[in-house]
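**Student:** When you number the first sequence by this note's numbering, it's gap-free, plus one each residue, and the end is 117.
Keep in mind that the hints were calculated from the coordinates and are not lab data. A few of these clues could be false.
Quick list of simulated restraints, FRET-style, between CB atoms [to be verified]:
id	residue 1	residue 2	range
1	L109	E83	28 to 36 Å
2	Q106	N3	30 to 38 Å
3	A90	P34	28 to 36 Å
4	D104	Q7	16 to 24 Å
5	E82	G4	33 to 41 Å
6	H45	R79	20 to 28 Å
7	T113	G68	17 to 25 Å
8	A75	N3	26 to 34 Å
9	G85	T52	13 to 21 Å
10	R61	E82	15 to 23 Å
11	T113	F60	17 to 25 Å
12	A70	A90	27 to 35 Å
These figures come from a predicted structure and were not determined experimentally. Where is the CB? At the ideal position from N, CA and C, for every residue including glycine.
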Amino acid sequence: MTNGFAQEVYAVVRAIPRGYVATYGMVAELAGRPRASRIVGGVLHRNPDPSTIPCHRVVFRDGSLAPGFAFGGAAVQRRRLEEEGVQFVAGTAKNGGAEGPRVDLQQCLWDGTGYAE
DNA sequence: TTTGTGACTTTTT
DNA sequence: TAAAAAGCCACAA
């Protein structure tokens, strides 16, 4: 690709199946830079094409999103993911202390299957 | 061309 | 167990 990494990131994020989510590190790895998780965020931050790039499917390693920096708000993103079929963890397996809405990575974490360049 | 920063992740204190 | 710091790579100014 002309740009290389950035293009790869966009391609990977676009390849995320509906109802699934991926972490920055995973996208970075598929893009060719397993340690460039931050760059993935930076690239998505600019989001040159939010229409084709479902950045809301990309979450932290913890399953949470970027508060305040999402396309329109973490709350909106949660609703959007639910629309796609992504399950959320209300409380937490930790001790019932609800910290914040997290995606159920154990169920909706994308394996990278179906990604073709 | 060089410096600084960032939607992250992992390890150590 | 929790919190803090460093490391990492690419893009923008």
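**Student:** Cβ-Cβ distance between R61 and E82: within 15 to 23 Å?
**Tutor:** holds, 21 Å
**Student:** Does the beta carbon distance between A90 and P34 stay inside 28 to 36 Å, or does it fall outside?
**Tutor:** Because 31 Å falls inside the window, the suggested range holds.
**Student:** At the C-beta level, are L109 and E83 separated by a distance inside 28 to 36 Å?
**Tutor:** Check failed, 18 Å falls outside 28 to 36 Å.
**Student:** Has the hinted range 17 to 25 Å been met by the Cβ atoms of T113 and G68?
**Tutor:** Hint violated: Cβ distance 32 Å, outside 17 to 25 Å.
**Student:** May I ask you to test the hint 33 to 41 Å on the CB atoms belonging to E82 and G4?
**Tutor:** Holds, since E82 and G4 (Cβ atoms, about 34 Å apart) stay within the stated range.
**Student:** Between G85 and T52, does the C-beta distance stay in 13 to 21 Å?
**Tutor:** holds, 20 Å
**Student:** Is 27 to 35 Å a correct range for the gap between the Cβ atoms of A70 and A90?
**Tutor:** Because 19 Å falls outside the window, the suggested range is violated.
**Student:** Is it true that T113 and F60 lie within 17 to 25 Å of each other by Cβ?
**Tutor:** holds, 21 Å
**Student:** In this structure, is the beta-carbon distance linking H45 and R79 contained in 20 to 28 Å?
**Tutor:** holds, 21 Å
**Student:** Taking the CB of A75 and the CB of N3, does the distance hold inside 26 to 34 Å?
**Tutor:** For N3 against A75, whose Cβ atoms are near 32 Å apart, the range 26 to 34 Å holds.
**Student:** Within 16 to 24 Å or not, the Cβ separation of D104 and Q7?
**Tutor:** violated, 30 Å
**Student:** Just to be sure I understand the hint, the distance between the Cβ atoms of Q106 and N3 should be within 30 to 38 Å; is that true here?
**Tutor:** holds, 34 Å
Hint violations for this structure: numbers 1, 4, 7, 12, all remaining hints satisfied.
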